[in-house]
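S.K.: So the chains spell out like this:
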Amino acid sequence: MSLPSRLVELVSALRGHGVAVGSSETVDAAAVAGVLGLADRERLRAGLAAALLRGEGQRPVFDAVFDVCFPLGVGSPELARDQDWDLDRLRDELVAALADDDGDAVGRLAGIAVEAFGRYGGGFSAYEALERVRPQTLVARVLAESGGGGGGFTDRLERDEVRRRVESFREAVRTEARRRTAEARGRQRVLEHAVAPSADRVDFLVANRKQLAELRRAVQPLARKLATRLAARRRRANRGHIDIRRTLRRSLSTGGVPIHLAHRRRSPARPEIVLVCDLSGSVAGFANFTMLLVQALRDQFSKIRVFGFIDTVDEITHLVHTGAANPDSLGARVHSEATLSTWDGHSDYGRAFRHFAAHHADAIGPRTSVLILGDARTNGADPELAVLRDLLAPARHAHWLNPERTALWSTGDSEADRYATVVPMHECRNTRQLTTLVGKLLPT
Amino acid sequence: MTESGFFASVDDVVDRLAARGYLASAAVATTVFLADRLGRPLLVEGPAGVGKTELARAVSAATGSRLVRLQCYEGVDEARALYEWNHAKQLLRITAGRDEGWEAARADIFTEEFLLARPLLTAITGDEPTVLLVDEVDKADVEVEGLLLEVLGDFQVTVPELGTIVAKRKPFTVLTSNATRDLSDALRRRCLFLHIDFPDAELEQRIVRTKVPGVDEALAASLVRVVGALRAMELRKAPSVAETVDWARTLLALGADTLDDDLVRQSLGVIVKHQDDVTRVRDRLNLSEAGR
Ligand SMILES: Nc1ncnc2c1ncn2[C@@H]1O[C@H](COP(=O)(O)OP(=O)(O)O)[C@@H](O)[C@H]1O
Ligand SMILES: [Mg+2]
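Taken in order, these protein sequences are the chains called A and B. Position in the first sequence (from 1) plus 11 gives the number in our numbering. Position in the second sequence (from 1) plus 18 gives the number in our numbering.
Worth flagging that the hints you see were computed from the coordinates, not collected in a lab. Zero decoy hints are in this set.
Negatives, chain B to chain A, calculated, CB over 10 Å:
(1) Gly23
(2) Asp33
(3) Ala79
(4) Arg98
(5) Ala114
(6) Asp117
(7) Gly119
(8) Leu139
(9) Leu165
(10) Arg224
(11) Ser258
DSS-like, lysine-lysine: derived pairs with alpha carbons at most 30 Å apart:
(12) Lys221(A) / Lys255(B)
(13) Lys314(A) / Lys291(B)
(14) Lys314(A) / Lys255(B)
(15) Lys157(B) / Lys314(A)
Here chain A is said to cover these stretches of chain B; the calculated rule only asks that three of the stretch's residues, wherever they fall, bring their Cβ under 8 Å from a Cβ of chain A:
(16) 200–214
(17) 240–252
This one's a predicted model, so the numbers in the text were calculated from it and none came from an experiment. Just so it is clear, CB atoms sit at the ideal spot from N, CA and C, and this is done for glycine as well.
Based on the sequences and whatever the hints tell you, model everything.
M.R.: Structure follows, in C-alpha cells:
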C-alpha cells in the first residue's frame with residue numbers, strides 16, 4: 012500500500028477513536044513522512060505523533076493504530092517458522108529473557124507466543140496466547156534465575172521490576188496479535204474494534220481491573236493539574252477588587268496618576284467539602300476514583316468528609332485518608348470496616364438519605380459544598396426527594412455526578428430525572444468529564 | 019524570511035546536542051529536526067525537571083545562536099511579552115523640546131528609539147540566528163496565547179504608531195508547558211507537539227554520568243533503578259531527572275560507592291520532597307529505622 016493511503020488510513024482510524032485530526036495536521040503528517048522517510052520506524056512514529064497529536068493522553072491510541080498501519084513486519088516471525096515451539100520451551104526462554112532484561116528477545120518471544128498459541132477463529136487472540144503462556148506465573152522463576160541480585164540494596168526492587176517486564180511482554184503480545192489479525196482479517200476491522208479507547212474516555216461503568224488500576228495511577232497527576240487550576244481561579248476571583256488607599260500611595264511615584272493599581276488581598280476561607288457516595292457494586296469504581304481524587308486535592312479544602320452508602324450511611328473519611336497510601340485496597344477496606352448496608356446489598360437512595368438526615372445532618376452547613384456520586388438507581392424504593400431537598404438546603408453548593416449517560420437517566424429504576432429537579436445533576440462517565448466537572452464545580 | 023536550517027539530519031541533532039551535554043532520546047531528536055526543517059514552533063510538554071527548558075538552551079548553544087527567553091507567569095501581558103513605549107523617556111523628550119510644536123514632537127517620540135522591545139519582538143528583529151524560548155506558557159493567562167498565535171503565525175508584529183515589523187529570519191521557537199492547564203487548540207495546531215517523559219533507564223544513566231562524571235557506572239545504575247522504582251509508586255511528586263542528578267552529586271559528596279539502607283535513608287530528602295511521600299517510600303522500600 013502506498014504511503015499516502017497508509018497515512019489516510021492512520022488519520023481516519025485516529026478520528027474514529029476521538030482524536031481530532033484536521034486536514035492541516037494531515038498535511039503536516041505527509042510533510043513529516045517526506046522529510047523522515049520510512050527507513051527508521053521509531054523515528055517515523057515520533058514524527059507522526061508530533062504532527063498529529065495534541066496531548067499525551069492520545070498516545071496509547073496513536074501507538075496501537077500506528078502499529079497496525081505501519082506494521083513491524085509481515086507474516087509470522089522468522090523464528091516461529093522453522094522451529095518447533097512447545098509451551099515449556101517458550102516459557103523457559105521467556106524466563107531467561109526476562110531475567111536478562113533483554114527487550115529484543117522478549118519482543119521476539121511475544122511474536123512466537125501469538126503464532127504458536129494465539130490462533131483463534133481465523134485470527135489471533137492475545138487473550139488466548141496469554142492464557143496459555145501465563146507469564147505472570149513466571150515471576151518467581153525469573154527471580155531465581157537472575158540469582159536474586161548480588162545482595163545489594165537494589166535487590167528489593169527486583170520483584171517489581173520483573174513484574175513491569177512481564178507487563179511489557181503482555182503488551183507486546185497484544186500488539187503482535189493486532190498485527191497478525193490485521194493481516195489475516197483486514198486492517199479496518201482491527202482498527203475499529205481492537206484498539207482500546209484512551210484512558211480518559213474509558214467508561215467508569217465498564218472499565219476492567221487493569222483500566223481501573225490505570226485510572227488510579229492518573230489520580231496524582233490529575234490532582235496536581237486541578238489544584239493549579241483551582242488556585243489560579245481563586246487568585247483571579249480575588250483580583251479586580253481595587254485597594255484605593257494602596258493605589259493612591261503607589262501613585263505618588265507616578266506624579267499622582269494612579270498607573271499601578273493595587274488590588275485588595277483577600278484570603279477567603281477554603282471551602283469544606285462533603286462527598287456522599289453510592290458504593291454498591293455497580294458504581295464503586297467511579298466512586299473510588301472520585302474519592303481518591305478529592306482526597307488528593309485535600310490541600311484545596313479546609314475540610315473533607317466522605318460518606319458512603321448502599322442503603323445505610325457511614326462516615327468513611329478516615330478510611331479514604333489512610334487508604335490513599337494504598338488505593339488498590341481502598342474498596343475492600345471500606346466494605347469490611349464500614350456499615351453501608353443492613354439489607355441485601357442493593358442501593359436504596361431514599362433510605363440512605365433518611366438515615367443521613369437522622370444521623371449526619373450537621374455535616375452540611377453554610378460553608379459546605381456537597382457532591383453526591385451515584386447512578387440514582389434506587390431499586391424501586393421511594394426516592395425521598397423532600398428529604399434530600401431539606402438535607403441540602405443549608406449547603407453552599409450541591410451537585411450530583413452520575414456515571415450513566417444522560418440518555419439512560421429515565422430508564423428502568425433510575426430516579427435520576429426526579430433527583431435532578433432537587434439538585435443539579437451532571438453526566439460524568441469518564442475521567443475527562445470528571446476533570447472538567449471538578450474544575451468547574453468545585454468552589455474556590 | 020528564511021527557516022532556521024540548523025541541522026542536517028536527526029543524527030546531526032543527536033551529536034551536536036550531546037556535544038553540549040544534552041542527551042536527546044530518539045523522539046526528542048526527531049522532533050527537533052522536524053521543527054527545524056518544517057519551520058514550525060515546537061510545543062514541549064511534560065513533568066517538571068525532564069529537560070524542557072534545557073533543550074532550548076542546548077539547541078541555542080549547539081547552533082551558536084542567540085537565546086531569547088520569555089518566562090511566562092500569571093499576569094504577563096503584551097507590555098512584558100512584546101513591547102512597550104518608554105513613557106519616561108518620551109516625557110523627557112517632550113519637556114526637553116519645549117519650543118517645537120506637538121506634531122514634531124509626536125513624530126519623534128513614536129520611533130524605534132523610544133520603543134522597549136520585549137522578548138517576542140526582540141526575537142524577530144535582528145539578523146542573527148535565534149532560538150526563541152517561551153517558557154512555561156501554561157502559567158500565562160489565556161489572552162497571552164492570542165498574542166503568541168499572532169506572532170508565531172507569520173512572525174511579524176504590527177506596532178500601530180510604527181508599522182509592521184517582519185522577521186528576516188524565523189527564530190527556532192520552543193514553547194514549554196507543565197500542562198497545569200490545557201492550552202488552546204489553536205495554539206497547539208500551530209506547533210509540533212513533543213511530550214518528554216522521564217527517560218528510560220539507559221538514557222538516564224548516561225545523563226547522570228555526563229552531569230556527574232565522578233559517579234561510577236554501577237552506582238549510577240543502582241540509583242537510576244531506585245528512582246525508577248519511586249516513579250512507579252504514585253507519589254505526590256515523582257522525582258525528576260534534575261533530582262536524580264542532584265542525588266548522584268550528593269552521594270558522590272558523601273563518598274559513597276554503593277547504596278545501602280543508611281545512605282538512602284539519609285539522602286532521601288534530595289529526591290523526595292513531600293513528607294507523605296517520604297513516609298510511603300520508607301515503607302515500600304523497607305528502609306529500616308535509624309540505629310537498627
Ligand atoms: N536529556 C537530558 N540531557 C541532559 N541533561 C538533562 C536532560 N534532561 C534533563 N536534564 C537535566 O535536568 C535538569 C532540569 O531540566 P529543565 O530543563 O530545567 O527541566 P524542565 O524545564 O523540564 O522543568 C537540567 O538542569 C539538566 O541538567
Ligand atoms: Mg523549565
